[in-house]
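Engineer: Here's the letter readout for the chains.
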Amino acid sequence: MDHATPHGEQREHPVPATYLKVAAILTVITAVEVTLYYIPAMRGVLVPLLLLFSAAKFGIVVGWYMHLRFDPILYTRLFLGPLGIAAVITIVLMLLFGHFIQHTQT
Amino acid sequence: MSSTAIAAHAEETSLGQPHLKVGFWTFLGSECLFFGSLIASYMAYRGKSIVPPFPHHGPPHGIGILNIPVTSVSTFVLLTSSLAMVLALAACQRGERKKTSFWLCMTALFGLIFLGFQAYEFTEFYHNGLSLQRNLFGCTFFVLTGFHGTHVSVGVLWLLSLFVINQREGIPPEKALNVEVAGLYWHFVDIVWIVIFTLVYLIPD
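Residue numbers (the numbering used here), protein chains in the order written: chain V, 1 to 106; chain Z, 107 to 311.
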């Protein structure tokens, strides 16, 4: 049975069979990541693909294992706010240190 | 205790949620900023080391020091530990004391195996000339992964404490929130490693 709270709806957590499926998906994604690393032909698209897979794994663990998909939205806000700030700090610092800038020879 | 029971209990509080859980998610938010600063430092100084050893194989540096096969196995071990953790929580919520103890013990064991891999890696790197003072890679790498390893160690101690409590007096379903919060910490350590594995190990300079 689901419960409504002032900060959103509380839904039932998954059953162990769902956790096993999630574990299988995480293992497959990790195996694909490592395989991609060793394929020279994938070098051009390696970084975006790895970032995509990493974000997917992150989302799956947070959503299912940490139950953010099932718990009230309050917890998601408490977590995603600082996470967003951390991501922005990382990107800004990389920009300041000259990453993402194409160096040209003069 | 089922999530429904937790919610029912939580209605007694002003937020409508258990204070322990709200407080712990706030703590995890602060941990995001902590690890975010360490990852930001690593990324800012990425590829800027002047003296070897360098992290990755290939030009312009030649041979890299990172051992991807070994770290892939340790990553798999940590992911498996997260599965064991949710199974421990599910068993505790159903009041299955023996299963709770088993899965708590397995989670701690996988955590210890991960720490063993990290100790092996650090030792290998040190023997290959990489230290905190050697270059920018060594400094940022050891600080980032060292703090992560410290978090894993704290998690293992926490899990073993829960294991001992469960063996002695049992953790009833009404107190499963204590296991859930330990699980949140453990999964957080797991997601930090997911990010580190991709940014530090897999993405080349």
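Don't read these hints as lab results, they were simulated from the structure. Values in this document were obtained by computation on a predicted structure and should not be read as measured data. Positions of the beta carbon are idealized from the N, C-alpha and C atoms, including for glycine. Take these hints with a grain of salt, some might be off.
[Unchecked claim] Facing chain Z, according to a computed beta carbon distance under 7 Å, are these residues of chain V, among others:
1. Ser54
2. Phe58
3. Leu83
[To be verified] List of simulated lysine-lysine pairs, DSS-like, C-alpha gap at most 25 Å:
4. Lys281(Z) - Lys204(Z)
5. Lys205(Z) - Lys21(V)
6. Lys205(Z) - Lys281(Z)
7. Lys154(Z) - Lys21(V)
Engineer: Now tell me, hint by hint, if it's right for this structure.
Structural biologist: Hints versus structure:
For Ser54(V), the interface hint holds, since its Cβ comes within 7 Å of a Cβ in chain Z; the closest pair sits about 4 Å apart. The interface hint given for Phe58(V) holds, since its Cβ lies 5 Å from the closest Cβ of chain Z, which is under the 7 Å cut-off. Interface restraint check: Leu83(V) against chain Z, minimum CB-CB distance 5 Å, threshold 7 Å, status holds. Proximity of Lys281(Z) to Lys204(Z) is assessed by CA-CA distance (about 16 Å); at most 25 Å being required, the pair is judged to hold.
For the proposed pair Lys205(Z) and Lys21(V), the alpha carbon gap of about 20 Å is at most 25 Å, so the pair holds. Our distance criterion of 25 Å between C-alpha atoms is met by Lys205(Z) and Lys281(Z), whose separation comes to about 16 Å. Note on Lys154(Z) and Lys21(V): the hinted pairing is violated, with a Cα-Cα distance of about 41 Å set against a maximum of 25 Å.
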